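Chains A and B, in that order, give the protein sequences. Take 1 as the starting number for the first sequence in our numbering and just add one per residue. Take 1 as the starting number for the second sequence in our numbering and just add one per residue.
I should point out that these hints are in silico values taken from the structure, not numbers from a laboratory. Fair warning: there could be bad hints in the mix.
Unchecked claim - Part of the chain A face toward chain B, derived, beta carbon under 8 Å: (1) Val22; (2) Leu36; (3) Val41; (4) Val110.
A quick note: this is a predicted structure, and the numbers were derived from the prediction, not measured. Beta carbons are placed, not taken as given, at the ideal position from N, Cα and C, and that holds for glycine.
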Amino acid sequence: MSEPAREVQDEARAEEPTSRWVTVRLAGETYGIEVLNVQEVLRVPEIAPVPGAPHYVLGIINLRGHVVTVIDTRRRFGLPPAEHDEQTRIVIVEVDGQVFGMVVDSVAEVVDLRRSDIDTAPAVDGEEAAPYLQGVAHLDDGLLILIDLHRVLEDGAGGF
Amino acid sequence: MTRVRSAVGMEGGGGLAGYLDDLLDERAPREAMPAPEGSGQRLEALVVEAGGVGFALPQAAVEAVLPAPTRLARPPRGAPAWLLGRLVRGGARRPVADLAAALLPRGRAGAGPRPWLVALAGRWVLACDRVGDPVALGRSEVRWRRPGERRPWLAGVASAPPALVVNPTRLAAWLDAAAGCGTEDA
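Isolated chain A, as found in the complex:
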């Protein structure tokens, strides 16, 4: 590519809308949750189980007087279970007016993505998590799998 063409391309990229994502780790992979939806990140408090809830619902927590449902994101995505440890966090998200918590192995960092950074058709056929993904971005050290929270919330799966 010629230098002028590269400059034009760089300028165009600079003007692209960006979105901000908080990256979390799950079963060795890096996932992104859009910051617009994130209310807070907290360590795992006592979780009260809810009898009869879907299998991926861990229970409820009291968050400053509000009852919040917490889901086991690994189980929701069909990933192998893991014990909680010091790095385990709950990401409290709000989507479609509903607030819920997602347990993740750890929270890593915050990244800004341009639209052109995101591939919207991830080739993850056969992966159980695939229905919950909205795209993939390439980081220097691997893929960032972007979570579609609307799909996590809705259910081919019954909702919560």
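Given chain A's structure and the hints, the job is docking chain B onto it.
The following block gives chain B in isolation, referenced to the frame of chain A:
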């Protein structure tokens, strides 16, 4: 893609400890002071980093940790540069302070972005670079400081991890005063 900053993994050491010592008020005695009343035997604190400096915030004063949105509502006209804007949270517009720019000497704070926010109980929200794990600081691990005219928010200096121990009540009052105009509306 822009990598903003890491969330975890505080880095200490180097010349930081000496710098933190220098931040103790010149007029305050350098010998260890008794811990403030109510600090208990151990102070549960969340250590955050801003501008390369650790700040220990009493856990009881921390309402929430969240990633910073790409945009905040504008600060009032004439607000200091460290007042980054206003965060709508829980139906309220809460002022967001760049922790490093507000508290550290000019030239020490470094440039943002500060990708993490710590909402304090009350109304202030602090923008920082990293959020570490909670720590329990023993009384003897902090060189407590008498409140001074300068840096009234500084309760002491912790050695491990090296961090400025913040008095959140005095910090809020100091930010209110330093922000000056219109933070009620902020």
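How the hints compare with the structure:
| no. | hint | verdict |
| --- | --- | --- |
| 1 | Val22 | holds (4 Å) |
| 2 | Leu36 | holds (7 Å) |
| 3 | Val41 | holds (5 Å) |
| 4 | Val110 | holds (4 Å) |
Going down the numbered hints, you'll see the structure goes against none, and every one checks out.
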